[in-house]
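S.K.: With these hints in hand, go ahead and build the complete structure from the sequences.
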Amino acid sequence: MLINLKSRIQEPEVQELLAYSVFPEPEHLNQAIQQYTESDELHLEGYEGEGQLIGLLGYIHTGADEVTIKHIAVLPENRFKNYGRGMIAQLLEKHNPDRLIAETDQEAVEFYRNCGFVVYSLGELYPGVERYRCVLEKDENTED
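Numbering (the UniProt record's numbering), first residue to last: 1 to 144.
It cannot be assumed that every hint is accurate.
Calculated cross-link-like contacts (lysine-lysine; reagent style DSBU-like; alpha-carbon spacing at most 35 Å) [unchecked claim]: (1) Lys94 / Lys70; (2) Lys94 / Lys138; (3) Lys138 / Lys70; (4) Lys138 / Lys81; (5) Lys81 / Lys70; (6) Lys6 / Lys94; (7) Lys81 / Lys94; (8) Lys6 / Lys70; (9) Lys6 / Lys81; (10) Lys138 / Lys6.
Estimated spans, in silico, between C-beta atoms of each pair [unchecked claim]: (11) Glu124 / Gly49: 17 to 27 Å; (12) Glu50 / Pro12: 25 to 35 Å; (13) Pro127 / Gln90: 32 to 42 Å.
Hints were generated in silico from the structure; no laboratory data involved.
Nothing here was measured: the structure is a model prediction, and the numbers come from that model.
Glycine included, every Cβ here is placed at the ideal spot set by N, Cα and C.
M.R.: Structural data, given as structure tokens:
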């Protein structure tokens, strides 16, 4: 189950996970911490297992039926164990959006593909760095 981490944003274990989602730009960590601290619109939730914070997921509602993932990270030793996929599934179950969106780089694009997202190249938004828009649409054939 996802737990609210906004009140724990200053804890080292929360900041460590958040840092993985903004690596390799350390100044982006401070910007992200400030954004989560100041904005009521941004949500920061995490997954704990056996008393340890394993992963986190930051997101915002960007439309009536749309959620955009801003940050997602899992501790390196717990990657490839479906924690990231599980957090996305819980987010979908909790909010039931028509569309879930994320923007990512080459390193994480396969993760989103494997979770069922359709991936679109945004081109080289930063010098030498291709970015991708990942979109997961609700299956209209699925009954609620």
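S.K.: Sort out whether Lys138 lies within 35 Å of Lys94, counting only the CA atoms.
M.R.: holds (14 Å)
S.K.: When you check the alpha-carbon spacing of Lys81 and Lys70, does it fall within 35 Å?
M.R.: Measuring from Cα to Cα gives roughly 21 Å; hence the hint holds.
S.K.: Given the hinted pair Lys6 and Lys94, is their Cα-Cα distance within 35 Å?
M.R.: With Cα atoms ~17 Å apart, Lys6 and Lys94 stay inside 35 Å; holds.
S.K.: Hinted pair, alpha-carbon criterion (35 Å max): Lys138, Lys6. Please report holds or violated.
M.R.: Holds. Lys138 to Lys6 sits at ~28 Å (cutoff 35 Å).
S.K.: Given the hint that Lys138 pairs with Lys81, does the C-alpha gap stay at or below 35 Å?
M.R.: The given pair, whose Cα atoms are some 24 Å apart, holds under the 35 Å limit.
S.K.: Are the Cα atoms of Lys94 and Lys70 separated by 35 Å or less?
M.R.: Distance ~17 Å between Lys94 and Lys70 Cα, so the pair holds.
S.K.: Could you grab the alpha-carbon distance between Lys6 and Lys70 and see if it respects the 35 Å cut-off?
M.R.: holds (14 Å)
S.K.: Going straight from one Cα to the other, do Lys81 and Lys94 come out at no more than 35 Å?
M.R.: holds (21 Å)
S.K.: Against the range 32 to 42 Å, how does the distance between the Cβ atoms of Pro127 and Gln90 compare: consistent or not?
M.R.: holds (36 Å)
S.K.: Holds or violated: Lys138 with Lys70, Cα cutoff 35 Å?
M.R.: holds (19 Å)
S.K.: I want to verify a distance hint. Is the separation of the beta carbons of Glu50 and Pro12 within 25 to 35 Å?
M.R.: Check failed, 18 Å falls outside 25 to 35 Å.
S.K.: Please verify whether Lys6 and Lys81 have alpha carbons no more than 35 Å apart.
M.R.: Answer holds: Lys6 to Lys81 is near 25 Å, not above 35 Å.
In the structure shown, a violation is registered for the earlier hints numbered 11, 12, in ascending order.
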